[in-house]
Amino acid sequence: MKRDILVAVSLLVAFLFIAYAVTVKNVLGLGGAELRPLGEFYLSNAFAHEGLTSHSPEVVTAIVWNYRGFDTLFETFVFFLAIMGALSVLRLTDEQEKLVRELEATMPHRQMDLIVRATTKLVVIMIIAISASIALHGHLTPGGGFQGGSAMAVAALLLFAAFSKFTLERKGLTLKHTISAYAVGLALILATVLAPVFLYNGKVLEINLLPGEMGLFNLDVGEYLAVAFGFLTVFLVLGIPEWVFKVVLRGELND
Amino acid sequence: MIELHLLILVIVVSFGFVFSYLAMKEHDLLKALALSSVQSTFFALGFYILAAPDIVLAYLAIAVGAYTALVILAISKTERYEVGE
Numbered sequence: 001m002k003r004d005i006l007v008a009v010s011l012l013v014a015f016l017f018i019a020y021a022v023t024v025k026n027v028l029g030l031g032g033a034e035l036r037p038l039g040e041f042y043l044s045n046a047f048a049h050e051g052l053t054s055h056s057p058e059v060v061t062a063i064v065w066n067y068r069g070f071d072t073l074f075e076t077f078v079f080f081l082a083i084m085g086a087l088s089v090l091r092l093t094d095e096q097e098k099l100v101r102e103l104e105a106t107m108p109h110r111q112m113d114l115i116v117r118a119t120t121k122l123v124v125i126m127i128i129a130i131s132a133s134i135a136l137h138g139h140l141t142p143g144g145g146f147q148g149g150s151a152m153a154v155a156a157l158l159l160f161a162a163f164s165k166f167t168l169e170r171k172g173l174t175l176k177h178t179i180s181a182y183a184v185g186l187a188l189i190l191a192t193v194l195a196p197v198f199l200y201n202g203k204v205l206e207i208n209l210l211p212g213e214m215g216l217f218n219l220d221v222g223e224y225l226a227v228a229f230g231f232l233t234v235f236l237v238l239g240i241p242e243w244v245f246k247v248v249l250r251g252e253l254n255d
Numbered sequence: 001m002i003e004l005h006l007l008i009l010v011i012v013v014s015f016g017f018v019f020s021y022l023a024m025k026e027h028d029l030l031k032a033l034a035l036s037s038v039q040s041t042f043f044a045l046g047f048y049i050l051a052a053p054d055i056v057l058a059y060l061a062i063a064v065g066a067y068t069a070l071v072i073l074a075i076s077k078t079e080r081y082e083v084g085e
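Order-wise, the sequence lines are chains A and B.
Quick note: the first sequence, position 196, residue 196 per our numbering, numbers continuous.
Quick note: the second sequence, position 14, residue 14 per our numbering, numbers continuous.
So that you can see chain B by itself, here it is in the shape it has in the complex:
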């Protein structure tokens, strides 16, 4: 029958899924970035449940720290709001 850690995995990954959808639909790029780092936190939890601590350590530092900072620097050189449609 279904095991508890698989259930937690499904819940965590679906939260990550929801947040990645929200990040795609967001027109304020800084908010989208915050949403995407929340999504990465959930995916990191998922990796931990899948017993991959090496990936968790690299993924958290890159996705929440370095990637966010790089994109903030990139946004600071353009505009904050996505226009179009």
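Just chain A, with the same shape it has in the complex:
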């Protein structure tokens, strides 16, 4: 125990020493450095309103969509592959899904007490409102589809914890519905990305679709849906209790 504290304190002292050396004494020469050419280019060209541009007044979004469009597109692909990987490792046939539902219905119906449930309802409404506001004008203010979508997934997780997975599934948040919503989001993103090719023989990701600063609204909505329901899909699959999975797998062995 004493050794642990000694290690922690010495690491902290080392960290503070490095921080002091870098910021105050300017050992690495980072402080007060001149603007590099790349930074200067972005600063002067981020707020572009002519030619092919996202018209975004928010500098991060402007750089991401004017210069780094493929980054976000491939990020969506990676997320898609991760979710498809999780789904294909933990896949179930129709009969097995029915069996899982029957087994989960026999479990003792646990939920937290009234105070927690009532507060959670209020907090979830607030989180969903905030996530929508982060996502739906993410092209104008800091934030965007990914940030808003993950906040929305957190709201659904709170519901999982305070009520139960079974309650939510009875209310309609089943795997089929979340996968469909995920597919709608992906379709919206793909449509936005491919639309210039079909509409006016442009290139992929030429994003001047909606007029002016509305230009990225559809991408925001698509990413919001895709990320929120992508996360929820994974959580719904992982949320199946271990013993239910064991029963299902044992049934697979006996067949």
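Hints in this document: simulated from the structure, not taken from any laboratory.
Hints are supplied without guarantee of correctness; some may be wrong.
Label-pair ranges, simulated between beta-carbon atoms [stated by the list, open to error]:
| id | chain 1 | residue 1 | chain 2 | residue 2 | range |
| --- | --- | --- | --- | --- | --- |
| 1 | A | LYS203 | B | GLU26 | 29 to 37 angstroms |
| 2 | A | LYS98 | B | ASP28 | 22 to 30 angstroms |
| 3 | A | ALA183 | B | LEU7 | 47 to 55 angstroms |
| 4 | B | GLU79 | A | ASN254 | 24 to 32 angstroms |
| 5 | A | MET84 | B | ILE11 | 26 to 34 angstroms |
| 6 | B | GLU26 | A | TYR20 | 27 to 35 angstroms |
| 7 | B | ASP28 | A | PHE41 | 45 to 53 angstroms |
| 8 | B | GLU82 | A | PHE41 | 20 to 28 angstroms |
Positions of the beta carbon are idealized from the N, C-alpha and C atoms, including for glycine.
Fit chain B to the given chain A structure using the hints.
The following block gives chain B in isolation, referenced to the frame of chain A:
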């Protein structure tokens, strides 16, 4: 001379540092998870001071919400206490 926001940054990040050390040394995995989400909150404050609100929004939702929930689900499928040494 040193500026106030840099001082706050150092304090916040060193708190995050302490909590990440505690999370590494903890043998109860659920407690370690709680400590690591405290650490992420401090780092999110650090990102805010560094003027990166985009990162703050994504980092808070992922590190405190989604990551914690994923690891809780993983722990629920194994054991809560780390054994060894």
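Taking the hints in turn, this is what the structure says about them:
no.: 1; hint: LYS203/A with GLU26/B: 29 to 37 angstroms; verdict: 52 angstroms, violated
no.: 2; hint: LYS98/A with ASP28/B: 22 to 30 angstroms; verdict: 38 angstroms, violated
no.: 3; hint: ALA183/A with LEU7/B: 47 to 55 angstroms; verdict: 49 angstroms, holds
no.: 4; hint: GLU79/B with ASN254/A: 24 to 32 angstroms; verdict: 28 angstroms, holds
no.: 5; hint: MET84/A with ILE11/B: 26 to 34 angstroms; verdict: 43 angstroms, violated
no.: 6; hint: GLU26/B with TYR20/A: 27 to 35 angstroms; verdict: 29 angstroms, holds
no.: 7; hint: ASP28/B with PHE41/A: 45 to 53 angstroms; verdict: 51 angstroms, holds
no.: 8; hint: GLU82/B with PHE41/A: 20 to 28 angstroms; verdict: 50 angstroms, violated
In summary, the numbered hints that this structure violates are 1, 2, 5 and 8.
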